[in-house]
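With the hints as extra help, turn the sequences into a complete structure.
So the protein sequences, as listed, match chains A and B. Quick note on the numbering used here: the first sequence kicks off at 1 and runs consecutively. Quick note on the numbering used here: the second sequence kicks off at 1 and runs consecutively.
Hints listed in this document are in silico derivations from the structure and should not be mistaken for laboratory results. The structure presented is a predicted model; accordingly, all values stated were derived computationally and were not measured. All C-beta atoms in this analysis are idealised placements derived from N, C-alpha and C, irrespective of residue type, glycine included. Misleading hints may appear alongside valid ones.
Chain B stretches covered by chain A per the calculated footprint, using a threshold of three residues with CB under 8 Å from any CB of chain A [as the list claims (entries may be wrong)]:
#, stretch
1, 78 to 92
2, 129 to 138
3, 145 to 153
4, 161 to 167
With the C-beta cut set under 7 Å, the calculated list includes, among others, these residues of chain A facing chain B [claimed, not checked]:
#, residue
5, L52
6, T86
7, Y101
8, A136
9, F138
10, Q141
11, L144
12, A147
13, L150
14, A151
15, L155
16, S157
17, G162
18, I272
Number of protein chains: 2
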Amino acid sequence: MKCLVTGGAGFIGSSLVDRLLARGDQVVCYDNFETGQIEFLKEAQENHNFTLVKGDTLDADALKEAMAGCEMVFHLAANADVRFGTQHPRRDLEQNTIATYNVLSAMKGAGVSKIAFSSTGSVYGEAAVIPTPEDAPFPVQTSLYGASKLAGEGLISAFCEGYDFQAWIFRFVSILGERYTHGHVFDFYQQLSKEPGKLKVLGDGTQRKSYLYIQDCIDAIFTAVEKAKDKVNIFNLGTDEYIEVKDSIRFISEEMGVSPTLSFSGGSRGWIGDNPFIFLDCSKIRRLGWKPMLTIREAVIRTLRYLKANEWVFEARRAPAWS
Amino acid sequence: MKCLVTGGAGFIGSSLVDRLLARGDQVVCYDNFETGQIEFLKEAQENHNFTLVKGDTLDADALKEAMAGCEMVFHLAANADVRFGTQHPRRDLEQNTIATYNVLSAMKGAGVSKIAFSSTGSVYGEAAVIPTPEDAPFPVQTSLYGASKLAGEGLISAFCEGYDFQAWIFRFVSILGERYTHGHVFDFYQQLSKEPGKLKVLGDGTQRKSYLYIQDCIDAIFTAVEKAKDKVNIFNLGTDEYIEVKDSIRFISEEMGVSPTLSFSGGSRGWIGDNPFIFLDCSKIRRLGWKPMLTIREAVIRTLRYLKANEWVFEARRAPAWS
Numbered sequence: 001m002k003c004l005v006t007g008g009a010g011f012i013g014s015s016l017v018d019r020l021l022a023r024g025d026q027v028v029c030y031d032n033f034e035t036g037q038i039e040f041l042k043e044a045q046e047n048h049n050f051t052l053v054k055g056d057t058l059d060a061d062a063l064k065e066a067m068a069g070c071e072m073v074f075h076l077a078a079n080a081d082v083r084f085g086t087q088h089p090r091r092d093l094e095q096n097t098i099a100t101y102n103v104l105s106a107m108k109g110a111g112v113s114k115i116a117f118s119s120t121g122s123v124y125g126e127a128a129v130i131p132t133p134e135d136a137p138f139p140v141q142t143s144l145y146g147a148s149k150l151a152g153e154g155l156i157s158a159f160c161e162g163y164d165f166q167a168w169i170f171r172f173v174s175i176l177g178e179r180y181t182h183g184h185v186f187d188f189y190q191q192l193s194k195e196p197g198k199l200k201v202l203g204d205g206t207q208r209k210s211y212l213y214i215q216d217c218i219d220a221i222f223t224a225v226e227k228a229k230d231k232v233n234i235f236n237l238g239t240d241e242y243i244e245v246k247d248s249i250r251f252i253s254e255e256m257g258v259s260p261t262l263s264f265s266g267g268s269r270g271w272i273g274d275n276p277f278i279f280l281d282c283s284k285i286r287r288l289g290w291k292p293m294l295t296i297r298e299a300v301i302r303t304l305r306y307l308k309a310n311e312w313v314f315e316a317r318r319a320p321a322w323s
Numbered sequence: 001m002k003c004l005v006t007g008g009a010g011f012i013g014s015s016l017v018d019r020l021l022a023r024g025d026q027v028v029c030y031d032n033f034e035t036g037q038i039e040f041l042k043e044a045q046e047n048h049n050f051t052l053v054k055g056d057t058l059d060a061d062a063l064k065e066a067m068a069g070c071e072m073v074f075h076l077a078a079n080a081d082v083r084f085g086t087q088h089p090r091r092d093l094e095q096n097t098i099a100t101y102n103v104l105s106a107m108k109g110a111g112v113s114k115i116a117f118s119s120t121g122s123v124y125g126e127a128a129v130i131p132t133p134e135d136a137p138f139p140v141q142t143s144l145y146g147a148s149k150l151a152g153e154g155l156i157s158a159f160c161e162g163y164d165f166q167a168w169i170f171r172f173v174s175i176l177g178e179r180y181t182h183g184h185v186f187d188f189y190q191q192l193s194k195e196p197g198k199l200k201v202l203g204d205g206t207q208r209k210s211y212l213y214i215q216d217c218i219d220a221i222f223t224a225v226e227k228a229k230d231k232v233n234i235f236n237l238g239t240d241e242y243i244e245v246k247d248s249i250r251f252i253s254e255e256m257g258v259s260p261t262l263s264f265s266g267g268s269r270g271w272i273g274d275n276p277f278i279f280l281d282c283s284k285i286r287r288l289g290w291k292p293m294l295t296i297r298e299a300v301i302r303t304l305r306y307l308k309a310n311e312w313v314f315e316a317r318r319a320p321a322w323s
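Following this line, the structure appears as structure tokens:
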């Protein structure tokens, strides 16, 4: 099939582009290259089934034009910077909520009715039930990022009801692996490369989070789109384990062969709106036959090896976030 | 206290303005008069504690200026037209989601940190649990209206977490009473005034809905703001009963002394995205000591008597919606 990937030059987007091309799909990559990297599309650009469109998701006309003839949109473009939301509150509204509206509106105009969307486990706020299932009690938002993704989910579901769209909405934990360019592994690797003896840690190190390896994430997306046939299909995507930040520090230190002295900023949260415990119940996607191939530890190590071999990403990404 | 009411010239807004003035508050009414009526503010305008500002919620600067010196904002301005959402999909995004962002952003700029917000029972979509409590299973949106209000709730909650705001979010059933200017009672009264022998009904007449009388609604808002002290306070507002559309037709016909032949458009829903059964569990607000004074039947009759005495509202409202 022919499909369009918004944010197709990003970490998850470019990995998806490569996998779509590998299975023989025609792919239009739509990216504004604000955080996306042309380097990630090196291989894709050699494929005759690949088209690159430089464009912004706030430009609804360009989006519509780029989608011509597509059967499906994978909408991954977003402001993924969870940590600094309160410093630029309008960014999440524009790049996540309004942008998602534009994608839907462009799809309507171009006659495309299938959409896969990268939402986030952050929509659960500080979940009342852990591990958190898709039908957890109605959550209260704690971050502008989560709120903007929830708004995107709502728009997509309403378009499904109102215009007969079909959607696959994925609530991700943090994704790790090759092309990973922001988050705590990125931050810790960078700190320890400069000063192996010291590590500054946000919070008290006991925050519990879950992670998923990028290729496992894409396997799950493919499984869901192939097998889930409801109008609105919502899936948590994560591993059946979580780790503490301290565990992650141990994995990273071992792999890098360092023993840093830790200094904690303190408190149970890394930043305002941080959720101290993210762990999703992924039994719904597992019932479709999917399971992750890598543990969190293995995913952390793959990420470190990628970063070590690709230190150029630190130059390319000047304002890393921590998630 | 001094407070600002967005949508203060509307049905609920102007009723709230009068009640705030009656208890001695200073009130700034902010309305663009797109659907608001200057007539509703006749009494308020004679009060020295009242200020009227004509402005749009899409104008963030004007909002901020109007809020100077206020302690609290009652954000009621909205596109309340649920039924025609799919005909102008951008309207809910702009007037409900982006407008709510603007209100919050203006509050931040003006140093106001308390907000009461008119959300809707529509955020529950087609609820899995009925009567539906505030912590019902995470819903899937079925209307652009519901999605836009859910987005507003998310933004407000995120501002509470990120900037130490305090919020009271009210998920209303349909409100009835004096100054009611859109919805099914309005539509049925108008039809039966013109042709007492005929009534066109959307759906099959078995849709079950709950309603609340305007003054009961305002009592509930005052009770919650006075007694609920969490950072984010979410309350369903409705009566502990529901009626079928057919019941409502009976109440209206009896009051008007007519016996119309009914013609149904058919189907269990009145329109795309209509929810065939809305009934909220209001035990949370009841635990604060509030209870409604009027039954749904009494509220319908008060509404009819108001419409009969104020037929000018039919001229003023050219595009009534049905809810």
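Hint by hint, here is what the structure shows:
Judged by the Cβ-Cβ criterion of 8 Å, the stretch 78 to 92 of chain B is covered by chain A as claimed, because 4 of its residues qualify and three suffice. Coverage of the stretch 129 to 138 of chain B by chain A holds in this model, with 5 residues showing a Cβ closer than 8 Å to a Cβ of that chain against a need of three. Beta-carbon proximity to chain A at under 8 Å applies to 6 residues in the stretch 145 to 153 of chain B; the threshold of 3 is reached and the given coverage holds. Counting residues of the stretch 161 to 167 of chain B whose beta carbon lies closer than 8 Å to any beta carbon of chain A gives 3, which meets the minimum of three for the stated coverage.
This hint is violated: A:L52 has a C-beta 29 Å from the nearest C-beta of chain B, more than the 7 Å allowed. The closest approach between the C-beta of A:T86 and any C-beta of chain B is roughly 4 Å, which is under the 7 Å cut-off, so the hint is satisfied. Because the closest C-beta pair between A:Y101 and chain B is about 5 Å apart, less than 7 Å, the hint holds. For A:A136, the interface hint holds, the least distance from its beta-carbon to any beta-carbon of chain B being 5 Å, beneath 7 Å.
With a cut of 7 Å, the hint placing A:F138 at the interface with chain B holds, because the nearest CB-to-CB distance is about 5 Å. Taking 7 Å as the C-beta contact cut-off toward chain B, the hint placing A:Q141 at the interface holds, the least distance being around 4 Å. Nearest Cβ of chain B to the Cβ of A:L144: about 5 Å, under the 7 Å cut. The hint holds. Because the smallest distance between the Cβ of A:A147 and any Cβ of chain B comes to about 3 Å, under 7 Å, the interface hint for this residue holds.
The beta carbon of A:L150 is positioned within 7 Å of a beta carbon in chain B (closest approach about 5 Å), and the interface hint is therefore held. Look at A:A151: its Cβ gets to within about 3 Å of chain B, closer than 7 Å, so that hint holds up. Restraint check, A:L155 versus chain B: the minimum CB separation of about 5 Å is within 7 Å; hint holds. At its closest, the beta carbon of A:S157 sits 4 Å from a beta carbon of chain B; the interface hint therefore holds under the 7 Å criterion.
Because the closest C-beta pair between A:G162 and chain B is about 4 Å apart, less than 7 Å, the hint holds. A least Cβ separation of about 5 Å between A:I272 and chain B falls short of the 7 Å threshold, and the interface hint therefore holds.
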